[in-house]
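Construct the entire structure; sequences and hints are all you get.
Residue numbers (our numbering), protein chains in the order written: chain A, 176 to 425; chain B, 176 to 425.
A hint or two may mislead.
Intra- or inter-copy, both count: the list cannot distinguish identical chains.
Stated by the list, open to error - PhoX-like cross-link-like pairs, simulated, lysine-lysine; straight-line CA separation at most 25 Å: (1) Lys349 x Lys188; (2) Lys237 x Lys270; (3) Lys237 x Lys227; (4) Lys331 x Lys228; (5) Lys372 x Lys270; (6) Lys400 x Lys228.
In case anyone wonders, no lab produced these hints; they're calculated from the structure. These numbers were taken from a predicted model, which means no experiment stands behind them.
There are 2 protein chains.
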Amino acid sequence: MSNVITFYDIPSKVPGVAWSPNTWKGRYALNFKGLPYKTVWVEYPDIEEVSKKIGAPPTGTKPDGSPFYTLPAIFDPSTNTAVSESIRIAEYLDKTYPDAPKLLPGGTHALQHAAINAYLPTGGPALQFAMPATHRILNAGSEHYFRINREPLFGKTLEDLTPTGPERDVEWAKVKAGFNVVDEWLQAGEGPYFLGKTPSFIDFVVGARLFWFRAIFGEDSAEYKDILSWNEGRWAVYTEGLKQYETVTV
Amino acid sequence: MSNVITFYDIPSKVPGVAWSPNTWKGRYALNFKGLPYKTVWVEYPDIEEVSKKIGAPPTGTKPDGSPFYTLPAIFDPSTNTAVSESIRIAEYLDKTYPDAPKLLPGGTHALQHAAINAYLPTGGPALQFAMPATHRILNAGSEHYFRINREPLFGKTLEDLTPTGPERDVEWAKVKAGFNVVDEWLQAGEGPYFLGKTPSFIDFVVGARLFWFRAIFGEDSAEYKDILSWNEGRWAVYTEGLKQYETVTV
Numbered sequence: 176m177s178n179v180i181t182f183y184d185i186p187s188k189v190p191g192v193a194w195s196p197n198t199w200k201g202r203y204a205l206n207f208k209g210l211p212y213k214t215v216w217v218e219y220p221d222i223e224e225v226s227k228k229i230g231a232p233p234t235g236t237k238p239d240g241s242p243f244y245t246l247p248a249i250f251d252p253s254t255n256t257a258v259s260e261s262i263r264i265a266e267y268l269d270k271t272y273p274d275a276p277k278l279l280p281g282g283t284h285a286l287q288h289a290a291i292n293a294y295l296p297t298g299g300p301a302l303q304f305a306m307p308a309t310h311r312i313l314n315a316g317s318e319h320y321f322r323i324n325r326e327p328l329f330g331k332t333l334e335d336l337t338p339t340g341p342e343r344d345v346e347w348a349k350v351k352a353g354f355n356v357v358d359e360w361l362q363a364g365e366g367p368y369f370l371g372k373t374p375s376f377i378d379f380v381v382g383a384r385l386f387w388f389r390a391i392f393g394e395d396s397a398e399y400k401d402i403l404s405w406n407e408g409r410w411a412v413y414t415e416g417l418k419q420y421e422t423v424t425v
Numbered sequence: 176m177s178n179v180i181t182f183y184d185i186p187s188k189v190p191g192v193a194w195s196p197n198t199w200k201g202r203y204a205l206n207f208k209g210l211p212y213k214t215v216w217v218e219y220p221d222i223e224e225v226s227k228k229i230g231a232p233p234t235g236t237k238p239d240g241s242p243f244y245t246l247p248a249i250f251d252p253s254t255n256t257a258v259s260e261s262i263r264i265a266e267y268l269d270k271t272y273p274d275a276p277k278l279l280p281g282g283t284h285a286l287q288h289a290a291i292n293a294y295l296p297t298g299g300p301a302l303q304f305a306m307p308a309t310h311r312i313l314n315a316g317s318e319h320y321f322r323i324n325r326e327p328l329f330g331k332t333l334e335d336l337t338p339t340g341p342e343r344d345v346e347w348a349k350v351k352a353g354f355n356v357v358d359e360w361l362q363a364g365e366g367p368y369f370l371g372k373t374p375s376f377i378d379f380v381v382g383a384r385l386f387w388f389r390a391i392f393g394e395d396s397a398e399y400k401d402i403l404s405w406n407e408g409r410w411a412v413y414t415e416g417l418k419q420y421e422t423v424t425v
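Structure follows, in structure tokens:
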């Protein structure tokens, strides 16, 4: 297993449980293509050091202008290449392993780019609920990092960010409205996925956010069950079909 | 010619010159599929009556809750069907004329829906410049209708809405930023169009907005030339390739 791809992910309190709505996009991609890989778990405060070590490029810029490193990232020993950012990983894998199923098939690359840009502002599954709750499932080092990097952006503690009381109902209705928007797009196609029966990269973007919600609140939570009941149960079909790509190879 | 599709469009002061960023999507669609059609020109105040007469459904709701009718619309005598809204027209034409080139090919329907939702907020070509200038090219009846329906939304006359002085530079920079976003998506693909060498419906959405700008300000205006120079001239290539679909059959 020493010459397989290494996938860099952020751990949770439960060993082997992947949760991140960003890294899941990369893991879904590897699983979908059926490529062997191993996971290296990296706590938030160590992402920069590990990325530099493997040569994964930064994906953004910090407020002070210095480079910002994020996961997912992969290192592929067969080409001696490190890649960061999930869509770049998808592009790399499609190019390097053209015989495996395509993540961005049939020239849909530009369309997927645009469609992902339309999807993200819909809020995905309950951004305003999942984000402030994420810290609960993190190990101490990552929990501290997550908190000190998120709380100043909102001027509130993560605990105070969670909508409660009547505000909760208002925010939950917004979540539902976001799902309605995406469902309307999907209904225009053959379904259940954007390109029909087989998921493609954009479905893993959507699926990763749904997985995140499930990882935090649990499959049996009233909220998750609520989501699966929306749009005539189509989200239950959608998530069920993605389960075959949810193996966590450690 | 009595049994060809009728295409309903909004006239300008120059007979035979189509200009609308909405109706052009439908006209591009007919031209791209190579279907014979004739044009019926309808001034803004007459759209509701004409739509009801041919049986084209409303596409929205007015503030008072009554149905709102818009163009483009088509009437196809071969199926005795009226269709309104450009994407519905594209769907209808793909379904009814499956042997002609596909506007929404290869199961990309849902992706195109989403991608169009990402494109529209980028502002397209200079929404803040083209919208307040549109009234200049309209006939009196439509000009009045356009003015009384737009001005209350902004609390300004159309003349006062046009950015001038230092504000103009700020707004023009925003226009350029919007083009950069779309160019980045397109660059992810094979180009020059979203699905590669052949345009599809989303390209006609983009093209219709570019046509609108050109119809108002002219191909030789400094602004239009500026746009064509952006992103290493890729918009010049983009618009050039659409010209073969710009015949106005009257």
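Hint by hint, here is what the structure shows:
no.: 1; hint: Lys349 x Lys188; verdict: neither (30 Å within a copy, 44 Å between copies)
no.: 2; hint: Lys237 x Lys270; verdict: neither (30 Å within a copy, 50 Å between copies)
no.: 3; hint: Lys237 x Lys227; verdict: within (16 Å within a copy, 56 Å between copies)
no.: 4; hint: Lys331 x Lys228; verdict: neither (35 Å within a copy, 58 Å between copies)
no.: 5; hint: Lys372 x Lys270; verdict: both (23 Å within a copy, 20 Å between copies)
no.: 6; hint: Lys400 x Lys228; verdict: neither (42 Å within a copy, 47 Å between copies)
Taken one by one, the earlier hints fail for this structure at numbers 1, 2, 4 and 6, listed in ascending order.
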